Amino acid sequence: MVIDFNTLYNFPSRLDRVFEEFLRSPMGDDRRLAYPPLNLSSDDEHIYVRAEIPGMSIDDVELTLTDKTLVLKGERGAPQGKYYRQERPSGVFHRVVNIGVPVDRDKVSASMKDGVLTVTLPKSEEIKPRTISIDVG
Amino acid sequence: MSEIAKTNEKSLPKYRPATDILEREDGFYIYIDMPGVRKEDMVIDLQEDELTVSGKTTLAPAEGEKFLEMQFGDCEYVRSISISDIVDRERIKASLEGGVLQLHLPKVEKVQPKRISIAQG
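In order, the protein sequence lines correspond to chains A and B.
If you number the first sequence the way our numbering does, the last residue is 143 and the count never jumps.
If you number the second sequence the way our numbering does, the last residue is 675 and the count never jumps.
Everything labelled a hint here was simulated from the structure, so no lab data went into it.
Among these hints, one or two may not hold up.
Stated by the list, open to error - When the alpha-carbon atoms are kept at most 27 angstroms apart in a straight line, the in silico DSSO-like pairs for lysine-lysine are as follows:
#1 Lys647/B <-> Lys668/B
#2 Lys610/B <-> Lys568/B
#3 Lys74/A <-> Lys647/B
#4 Lys119/A <-> Lys620/B
#5 Lys129/A <-> Lys74/A
#6 Lys74/A <-> Lys119/A
#7 Lys113/A <-> Lys620/B
#8 Lys593/B <-> Lys661/B
#9 Lys88/A <-> Lys664/B
#10 Lys620/B <-> Lys88/A
#11 Lys119/A <-> Lys593/B
#12 Lys79/A <-> Lys661/B
#13 Lys79/A <-> Lys129/A
#14 Lys74/A <-> Lys88/A
#15 Lys664/B <-> Lys610/B
#16 Lys661/B <-> Lys88/A
#17 Lys129/A <-> Lys610/B
#18 Lys74/A <-> Lys113/A
#19 Lys119/A <-> Lys661/B
#20 Lys620/B <-> Lys668/B
#21 Lys119/A <-> Lys647/B
#22 Lys568/B <-> Lys661/B
#23 Lys661/B <-> Lys620/B
#24 Lys661/B <-> Lys647/B
#25 Lys113/A <-> Lys129/A
#26 Lys664/B <-> Lys593/B
#27 Lys119/A <-> Lys79/A
#28 Lys620/B <-> Lys647/B
#29 Lys664/B <-> Lys119/A
#30 Lys113/A <-> Lys88/A
#31 Lys620/B <-> Lys610/B
Claimed, not checked - To be clear about the criterion: a stretch of chain A counts as covered by chain B if any three or more of its residues have a C-beta under 8 angstroms from a C-beta of chain B, and this derived list gives those stretches:
#32 44 to 51
#33 65 to 79
#34 85 to 97
Note that the coordinates shown come from a computational prediction; the quantities given were computed from them, not determined experimentally.
C-beta: ideal position from N, C-alpha, C; glycine also.
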C-alpha cells in the first residue's frame with residue numbers, strides 16, 4: 007500500500023501490510039479471470055450487459071452483435087512515463103457474451119458513464135409473454 | 555430508517571483500486587481506476603505524507619432487474635499513497651474522467667546550488 011518514491015524509506019510497512027490484507031478483495035481472484043468484468047441482467051423488457059472499462063470512450067469499444075452473442079472488443083492503452091507501479095490492465099481485450107434470447111437488433115443501444123459501459127438489448131416482441139383473452143361463448 | 559441505511563453503507567465491500575504511478579519530466583502522475591464513481595462521491599485527503607483516495611460506486615440497477623451473472627457490484631474503493639518531500643503539495647491536481655482518477659503531483663522546484671567563486675588573493 008505504501009508507495010514511497012524513496013524506496014530506502016518505508017518503515018511503517020508492517021502495519022500497512024496488516025491493513026492491506028484487510029482491504030484485499032474477497033472476490034479478487036474472480037476479477038482476474040477475464041477483463042473487463044461483466045454483469046448480465048434482465049428485466050421484462052430488456053437484457054442488460056454492463057462492463058467496467060474505466061478510461062475508455064464508447065468509440066474505442068467495438069460492439070458486435072451476432073445471432074447468439076454480443077462481442078466486446080477494444081484496446082486499452084497505458085499512459086507514457088517511467089513506471090513505479092503498474093496495476094491497471096492494458097492491452098487488447100475481447101469478451102463474448104452469450105445472449106440466449108432473441109433481441110430486437112435495431113433497437114440495441116449502448117452508453118458509457120463513469121467508466122461503466124451499459125448495452126441495452128430489447129427483447130424481441132415474439133418472446134414476450136402475452137395475455138390472450140378467451141371469449142367464452 | 556436512517557439506522558438501516560447506515561448499516562447498509564457499512565457493509566459495502568472495500569477494494570484497492572488498480573493504480574498506476576509514473577514519473578514524467580513535470581512530476582509524478584497517478585492513475586486510479588474507479589469505475590462507477592461519480593465526482594461527488596469521491597474524497598481525496600492529504601494528511602502529512604499520506605494521500606488517501608476513496609470513492610463509492612453508484613451502479614443503481616433498474617427496477618425489477620434480475621442478475622444472471624455478476625462480476626462487479628457496488629463497493630468502496632480505498633487507496634492510500636505516501637508521498638515524499640519532493641512533491642509540491644500546494645500544486646497537486648486531480649481530475650476524474652470516465653471512471654479514472656488522475657492525480658498530478660509536481661515536484662518542488664529545485665533550489666539551484668550556488669557556486670561561490672574564490673577571489674584570488
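Here's how the hints hold up against the structure:
Taken as a hint, the lysine 647/B and lysine 668/B pair is broken in the structure, with Cα atoms around 31 angstroms apart against an allowance of 27 angstroms. The hinted pair formed by lysine 610/B and lysine 568/B meets the criterion: a straight-line CA distance of about 9 angstroms does not exceed 27 angstroms. Taken as a hint, the lysine 74/A and lysine 647/B pair is broken in the structure, with Cα atoms around 46 angstroms apart against an allowance of 27 angstroms. Straight-line distance between C-alpha atoms of lysine 119/A and lysine 620/B comes to about 21 angstroms, which keeps the hinted pair within the 27 angstroms bound.
Restraint check for lysine 129/A and lysine 74/A: satisfied, since their Cα atoms lie roughly 13 angstroms apart, inside the 27 angstroms limit. For a cut-off of 27 angstroms, the pair hint linking lysine 74/A to lysine 119/A stands: about 26 angstroms separates their Cα positions. Pair hint lysine 113/A plus lysine 620/B holds up; C-alpha atoms about 21 angstroms apart against a cutoff of 27 angstroms. With a CA separation close to 26 angstroms, the supplied pair lysine 593/B and lysine 661/B stays within the 27 angstroms bound.
A threshold of 27 angstroms between alpha carbons decides the hint, and for lysine 88/A with lysine 664/B the separation of about 20 angstroms falls inside it, so the pair holds. Taking the CA atoms of lysine 620/B and lysine 88/A, the gap is about 44 angstroms. The hint is violated against a cut of 27 angstroms. For the proposed pair lysine 119/A and lysine 593/B, the alpha carbon gap of about 12 angstroms is at most 27 angstroms, so the pair holds. The hinted pair formed by lysine 79/A and lysine 661/B fails the criterion: a straight-line CA distance of about 38 angstroms is larger than 27 angstroms.
Of the pairs offered as hints, the one joining lysine 79/A and lysine 129/A holds, with about 23 angstroms between alpha carbons and a cut-off of 27 angstroms not exceeded. A threshold of 27 angstroms between alpha carbons decides the hint, and for lysine 74/A with lysine 88/A the separation of about 44 angstroms lies outside it, so the pair is violated. For the hint pairing lysine 664/B with lysine 610/B, the CA-to-CA distance comes to about 38 angstroms; that exceeds 27 angstroms, so the pair is violated. Between lysine 661/B and lysine 88/A, the direct Cα distance comes to roughly 15 angstroms. Compliance with the 27 angstroms bound is thereby established for this hinted pair.
With a C-alpha separation of about 32 angstroms, the suggested pair lysine 129/A and lysine 610/B falls outside the 27 angstroms cut-off, and the hint is violated. The hinted pair formed by lysine 74/A and lysine 113/A meets the criterion: a straight-line CA distance of about 16 angstroms does not exceed 27 angstroms. Annotation: proposed proximity of lysine 119/A to lysine 661/B is violated, straight-line Cα distance about 33 angstroms (limit 27 angstroms). Under the criterion of a C-alpha separation no larger than 27 angstroms, the hint pairing lysine 620/B with lysine 668/B is inconsistent with the structure, at around 70 angstroms.
Restraint check for lysine 119/A and lysine 647/B: the C-alpha separation of about 22 angstroms stays at or below 27 angstroms, so the hint holds. A threshold of 27 angstroms between alpha carbons decides the hint, and for lysine 568/B with lysine 661/B the separation of about 31 angstroms lies outside it, so the pair is violated. For the proposed pair lysine 661/B and lysine 620/B, the alpha carbon gap of about 50 angstroms is over 27 angstroms, so the pair is violated. Restraint check: the Cα-Cα separation between lysine 661/B and lysine 647/B comes to about 12 angstroms, which is no more than 27 angstroms; the hinted pair holds.
Between lysine 113/A and lysine 129/A the alpha-carbon distance is near 9 angstroms, which keeps this suggested pair within the 27 angstroms criterion. As the CA atoms of lysine 664/B and lysine 593/B are separated by approximately 33 angstroms, the hinted pair breaks the 27 angstroms bound. Distance hint between lysine 119/A and lysine 79/A is fulfilled; the C-alpha atoms sit about 18 angstroms from each other, no more than 27 angstroms. Note on lysine 620/B and lysine 647/B: the hinted pairing is violated, with a Cα-Cα distance of about 40 angstroms set against a maximum of 27 angstroms.
Using a Cα cut-off of 27 angstroms, the hinted pair lysine 664/B and lysine 119/A is violated, with the two alpha carbons roughly 41 angstroms apart. Between lysine 113/A and lysine 88/A the CA atoms are separated by roughly 45 angstroms; this puts the pair beyond 27 angstroms, and the hint is violated. Using a Cα cut-off of 27 angstroms, the hinted pair lysine 620/B and lysine 610/B holds, with the two alpha carbons roughly 22 angstroms apart. With 7 residues carrying a beta carbon less than 8 angstroms from a beta carbon of chain B, the region 44 to 51 of chain A meets the three-residue requirement, and the given coverage holds.
Requiring three or more residues with a Cβ within less than 8 angstroms of a Cβ of chain B, the coverage given for the region 65 to 79 of chain A is violated, as only 0 such residues are present. Only when three residues or more bring their CB closer than 8 angstroms to a CB of chain B does the claim for the region 85 to 97 of chain A stand; here the count is 11, and the claim holds.
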